[in-house]
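Q: Sequence:
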Amino acid sequence: MSGRFLRRAGAGEAVLKLTTKAVLERNLIAEGDRVLIAVSGGKDSTTLAWALAAIRPAVKKRYDLAAIHISSDFCACCKKAALITRLTDWGIPFQDLFVPIIGRLKNGEKMNCYWCSTQRRTELLKYAMENHFNKIALGHHLDDIIETFFMNMTAKGELAAMPMRLVYRKYPVSLIRPLGYVEEQQIIACAGEKGFLSAACTCPYGIHSKRRELRKRIAEFTGNSGAVKRRILRALSSGERDLLMEGDTPVVDWKAAMPRETVELPVK
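Numbers given in the numbering used here equal positions in the sequence shown, counted from 1, plus 13.
Just so you know, these hints were derived from the structure itself, not from any lab. Remember, predicted model here, so these are calculated numbers, not experimental data. Where a beta carbon is used, it is the ideal one built from N, C-alpha and C, also for glycine. Just so you know, not all the hints are guaranteed correct.
Once the Cα atoms are required to be at most 20 Å apart in a straight line, the calculated SDA-like pairs of lysine to any residue come out as [claimed, not checked]: (1) LYS74 x LEU37; (2) LYS34 x GLU259; (3) LYS223 x ALA240.
Distance ranges between label pairs, derived from CB positions [what the hints assert, rightly or not]: (4) ASN237 x LEU118: 31 to 41 Å; (5) LYS223 x PHE87: 16 to 26 Å; (6) GLU226 x GLU171: 15 to 25 Å; (7) ARG75 x LYS119: 40 to 50 Å.
Could you build all of it, start to finish, from the sequences and the hints given here?
A: Now the structure itself:
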């Protein structure tokens with residue numbers, strides 16, 4: 014997809030084209046998939062839900078969509094009424110699930126982004142398996158993927174990214190990130206164009222996160238250039254190991270794969 018097209022296309026059109034490209038190139042959705050969309054009420058996941066509903070004719074595959082919102086005991090700022098109305102208009106069933114994230118902390122432990130994302134991911138996985146969804150769609154975009162790569166490299170000394178498709182070996186569920194080719198600035202423009210930019214939700218614990226600091230540094234050395242960011246993304250797939258795709262064979266035995274208790278999974 015040429016840079017000229019991305020510059021000339023409307024925001025919504027660009028998001029749909031890039032999402033379709035990601036789904037087809039990365040084989041993120043297959044015929045008959047049941048896809049559970051994790052919606053926070055913010056611009057990223059709302060744009061994801063809209064896009065996955067809108068690209069069905071272009072993808073030419075039959076797949077079911079449903080959305081789940083995880084409410085917590087520390088953040089209730091998203092506008093769920095507006096979110097439900099939008100999802101209904103797009104033909105996407107909605108479920109709200111409460112998780113006491115702070116309430117699960119042990120004495121002496123402090124709230125942090127990793128703990129929160131781990132608890133949310135665990136509940137998403139459990140809900141998906143219990144309701145026979147085989148894909149969980151997350152609203153992470155191109156900038157998130159690049160930031161995660163540099164965070165892993167500088168903080169952990171690992172060459173690891175946020176994969177666009179992650180197939181769990183122990184569970185019959187895959188994580189997919191259909192917005193992986195879409196820049197955050199394109200999502201912002203699309204959300205503004207479609208009227209749901211105001212749905213953005215700000216977490217009180219993530220304001221001063223390390224990710225935000227790294228985001229500023231990446232913007233500085235890339236000049237915030239979409240072309241440069243796309244070259245970095247392409248580089249993540251250019252080696253012997255494709256850092257944007259993890260796992261090979263999904264589990265098909267649903268009953269054997271069901272966890273007996275809460276499983277804490279690391280955030281990818």
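Q: Taking each numbered hint in turn, which are not upheld by the structure, reported in ascending numerical order?
A: Violated hint: only 3; rest satisfied.
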